[in-house]
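Could you fit the two chains together into a complex? Lean on the hints.
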Amino acid sequence: MVETIDINKIFDVAAVRKNFPALDREVKGKPLVYFDNAATTQKPQVVIDALVNYYSNYNANIHRGIHTLAEEATAAFEATRDTAQKFLNAETREQIIFTGGTTEGINLVAQTWGRQNIKAGDEIIISNMEHHSNIVPWYILAQEKGAVLKVIPINENGELIMEEFEKLLSEKTKLVSIVHVSNALGTINPVKTIIEKAHAVGAVVLVDGAQSSVHLDIDVQDLDCDFFVLSSHKVYGPTGVGVLYGKKNLLESMPPYQGGGEMIREVYFDNITYNDLPYKYEAGTPNIADTVAFKAALDFTKAIGKEKIRRHENELLHYATELLEQIEGLRIIGKAKNKISVISFVVDKVHPQDLGILLDNRGIAVRTGHHCAQPLMDCYRIPGTTRASFAMYNTKQEIDALIAGLHKAIKMLA
Amino acid sequence: MMNDHKTIEETEQEIIEEFSLFDSWDDKYEYIIDLGKKLLPLDDQYKKDENKVKGCQSTVWLVADYKDGRIYYKAESDAVIVKGLISMLIRVLSGQTPDDIVNAKLDFIREIGMMSHLAQTRSNGLLAMVKQMKNYALAFKLKHETAN
Chain A
7 MVETIDINKI
17 FDVAAVRKNF
27 PALDREVKGK
37 PLVYFDNAAT
47 TQKPQVVIDA
57 LVNYYSNYNA
67 NIHRGIHTLA
77 EEATAAFEAT
87 RDTAQKFLNA
97 ETREQIIFTG
107 GTTEGINLVA
117 QTWGRQNIKA
127 GDEIIISNME
137 HHSNIVPWYI
147 LAQEKGAVLK
157 VIPINENGEL
167 IMEEFEKLLS
177 EKTKLVSIVH
187 VSNALGTINP
197 VKTIIEKAHA
207 VGAVVLVDGA
217 QSSVHLDIDV
227 QDLDCDFFVL
237 SSHKVYGPTG
247 VGVLYGKKNL
257 LESMPPYQGG
267 GEMIREVYFD
277 NITYNDLPYK
287 YEAGTPNIAD
297 TVAFKAALDF
307 TKAIGKEKIR
317 RHENELLHYA
327 TELLEQIEGL
337 RIIGKAKNKI
347 SVISFVVDKV
357 HPQDLGILLD
367 NRGIAVRTGH
377 HCAQPLMDCY
387 RIPGTTRASF
397 AMYNTKQEID
407 ALIAGLHKAI
417 KMLA
Chain B
4 MMNDHKTIEE
14 TEQEIIEEFS
24 LFDSWDDKYE
34 YIIDLGKKLL
44 PLDDQYKKDE
54 NKVKGCQSTV
64 WLVADYKDGR
74 IYYKAESDAV
84 IVKGLISMLI
94 RVLSGQTPDD
104 IVNAKLDFIR
114 EIGMMSHLAQ
124 TRSNGLLAMV
134 KQMKNYALAF
144 KLKHETAN
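Residue numbers (this note's numbering), protein chains in the order written: chain A, 7 to 420; chain B, 4 to 151.
What the hints contain is simulated information worked out from the structure, not anything from laboratory work. Even glycine gets a Cβ: it sits at the ideal position worked out from N, Cα and C. One thing to keep in mind: the hints can contain errors.
[Said to hold, decoys possible] Residues from chain A that keep clear of chain B, each with C-beta distances beyond 12 Å, as calculated:
1) Ala66
2) Ala126
3) Tyr386
[What the hints assert, rightly or not] Straight-line alpha carbon distances no greater than 30 Å define the calculated DSS-like cross-link-like pairs of lysine-lysine that follow:
4) A:Lys36 with B:Lys50
5) B:Lys57 with A:Lys34
6) B:Lys50 with A:Lys355
7) A:Lys24 with A:Lys92
8) A:Lys355 with B:Lys57
9) B:Lys31 with A:Lys34
10) B:Lys51 with A:Lys355
Only chain B is shown next, with the shape it has when bound in the complex (with noise of 0.2 Å):
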């Protein structure tokens, strides 16, 4: 499972790490290009439209998964440099407590200089995504605890 012994921050400082390595904007984007390339595919049952994440100028689906107190997230897109975008939010996202992801303050796409892409003006999704991931976290957190 991903992020067993990294925190949210620790992950995120990695990223940060690894992108200080980039001179200039193309070399990140082919990075980001590359990790949009080798995310994997969705399963097909997956695609549906009450998957879909609105708000997006590309067609994202998403699904959350909720084992032992962490949630697991899944998800692609027909347009590679939000696939890849979306590959690092799972990479520091999925396997963490719904606490953590809820209260992530993600700076780390402040830092890589992907900021651009949280403006509403972009409607490529990313801040929908973000937000559909905290809901994700969110709606778990509530279903756990009525549960309790």
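Bound conformation, chain A alone (with noise of 0.2 Å):
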């Protein structure tokens, strides 16, 4: 008999986990079971060996040096830049802007589209389920201009009421700013069809992809999303980088973000003119290193393919929630039918904090406490949830430990 395999199938966890050195430490004398990906991933030694290369073998200022040494550090992030243009399939690499993560993306949207184009009682649609990241920028913005915040309410498996945002949706709308993935309840929202809701009546969607990138395929020009944010360490890459997708005609309209070297032509005290894109967002020297290594983190996740990621992922994803519905007094929080790997529960009687302290005691890392989403948490009147959230190189034998530490901790506390 032929035996055939499908190539495209095989996902070899055992391999993929040789990659990241972080992985084989032991915490609490315990082999370390990082559980806490939705925060931050771990690196894979490529990541780790571009950061030295840079720093051992070409580190210079870029764009502005005539030498060999800016020349190729120029290069190399230059080239970090058609990789994210490739990653977004973005119509352009000068659509692509380095930021410090996603947080400052949106910050940088707010105080630039934001300050121009938002009047008193204008409205900015987010929802329930935002990090502090998409929350806090617009209500700095709202309190300046006099404007008007909305939010989209969710229901009980945590799933935007899409009828209640076309409730919210008026001429006034000039902003949705809607996270893609919840950091905190793994759900996966309606984009797509959020941004041609919006669109219909005049309105700007940016999209907080800080979640999802690692997880789904981002296309910005098939969602028509007009700003799209990331941040390259919870894809696999350093922290202190991101990325700000951006239409076109947005980008080109705006006013500068900060002002200093690299985002002008030519300075007179009486006249200053802006760089093109995407420099005039990039005041002064950037995060050369950080942004360097950012590419090979994201050739490092396409070489092992997405696809593959992802079928593993829901697989431990399914695991883990099978497992976890069978301990007693525990509650799944967040049950939408799309989800990306990221499991939020709570205990009866047991506070998260609790949970947390004793899984690490036996080296199991999960996130506890209101995941920076402290509305979401009201909405569903807890104070907060213990998180496990998984990447590329999780395990159903780590999963196995973290039942089997909840149970533990569970007998302990209860």
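What follows is the structure, given as structure tokens:
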């Protein structure tokens, strides 16, 4: 009999794990089980090597130098822009603006496009499941301009109530800023529909892709979003780098964000002209090393294959959900039909912090608390949850360790 | 009253000796959890915002009374491990003089292996709790000195 295998379906988690040196360590005498991936992912060796290589061999300030090192550094920095463009399927490389991360991306849009376009009485729509970084910048802007923040409510499963969203839309709506995937619930929001409906009333849409970028295929042209923001460190890359994608006409018409070097063309004391995209929004010396190494993270993810990773993570999600649901008194918060590999839960009469401490004592890293989404926690009337979030390198054995750890912890705490 | 005859260091030494009997972390935490469960609940009238200790992932309420030159603490939390840690702090500090409390080094926390709970990264509030207890001591001390 001839055996056939589909090479595309092979996902060797043991081989994948070997790329991540941090996974080898022990915590409290136990092998580390890292389930805090929604906060930040571990870094593959290729990313660490890219950082070391940059500092060891071609560290130089970019764009202005005429010497070889500056040329090499500039080429590597700009190569990440090309890779990021492909990663998001952006129309042009000029539409990829490097930021410090998702938070800065959102603040940049609020302080430039927002200040230019939001007026008293205008409405900005966000949702009940936003991270604080997609609430506070708009709150600040609304306070300054006398604009109004409107909030899309969620149902018990942790899904947006789309009928309510439609009711909120009007000619007053100037912006919809929405999270693609909830960091606390794992819910995948129907952003394409949201964008369509928002555009129908003439509103601009920003998609917060902090959580979605690592799990989903992102195509900003297909989504037709006006802005898309992400963080490198949640996609296996270094901290301190992010991407802001914007539609060209918007990026061109917006005023600059920070003033300084690199973002100008000509400077006289009575007249300053600004640089072209993307440099207009990249004042000062950027985070060169981390941006250079971010390319290695994107290449690595691509080489393994996002679809294969997704299939593996979904398997972990279903496996963990099934086992967690069997634990008496445990309630999963966020049961959306479309979810990425994030599970938040609460246990009767047990404080998440106690669970977090006892799990850490067994080498298991989970996140506990409000996950920077206090309005969401208020909505569920809970102070916080315990959250396990899975990445490409996690295994079913690790989930077994979590379940065993939970049983033991709950027994101790009950 | 607690600690009428023991110094802060003496009570700390007692706790260190108690913890030396445990072989494993699980045993230590089981003991702390047990202390937490046994901590007398704080009367609801004290559970208001002004008594909350800031910087805690869990909610911690702390109140202090001053009587005959000594300070007496009462506290509670919604998380049981924190409650257990609080219980130990109260055992060590309650009934002591403001001066002794302000100067207490509280080395027992390190000795029993609970130092990680004092780290800035752990927002579970032991550090904030200790600070708040010392702040009360300092406030009572100043008030008392001014009154004299």
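The hints, checked one at a time:
Annotated as non-interface, alanine 66 (chain A) keeps its C-beta farther than 12 Å from every C-beta of chain B; the closest such distance is 35 Å. No beta-carbon of chain B comes within 12 Å of the beta-carbon of alanine 126 (chain A); the shortest separation is about 33 Å. The non-interface label for tyrosine 386 (chain A) is consistent with chain B: the shortest C-beta to C-beta separation is roughly 16 Å, beyond 12 Å. Taking the CA atoms of lysine 36 (chain A) and lysine 50 (chain B), the gap is about 39 Å. The hint is violated against a cut of 30 Å.
Distance check on the hinted pair: lysine 57 (chain B) and lysine 34 (chain A) sit about 28 Å apart at the alpha-carbon level, within 30 Å; holds. Restraint check: the Cα-Cα separation between lysine 50 (chain B) and lysine 355 (chain A) comes to about 19 Å, which is no more than 30 Å; the hinted pair holds. Taken as a hint, the lysine 24 (chain A) and lysine 92 (chain A) pair is honoured in the structure, with Cα atoms around 27 Å apart against an allowance of 30 Å. A threshold of 30 Å between alpha carbons decides the hint, and for lysine 355 (chain A) with lysine 57 (chain B) the separation of about 23 Å falls inside it, so the pair holds.
The straight-line distance between the Cα atoms of lysine 31 (chain B) and lysine 34 (chain A) is roughly 14 Å, inside the 30 Å bound, and the hint therefore holds. A threshold of 30 Å between alpha carbons decides the hint, and for lysine 51 (chain B) with lysine 355 (chain A) the separation of about 21 Å falls inside it, so the pair holds.
Checked against the numbered hints listed earlier, the structure breaks hint 4 alone; every other hint is satisfied.
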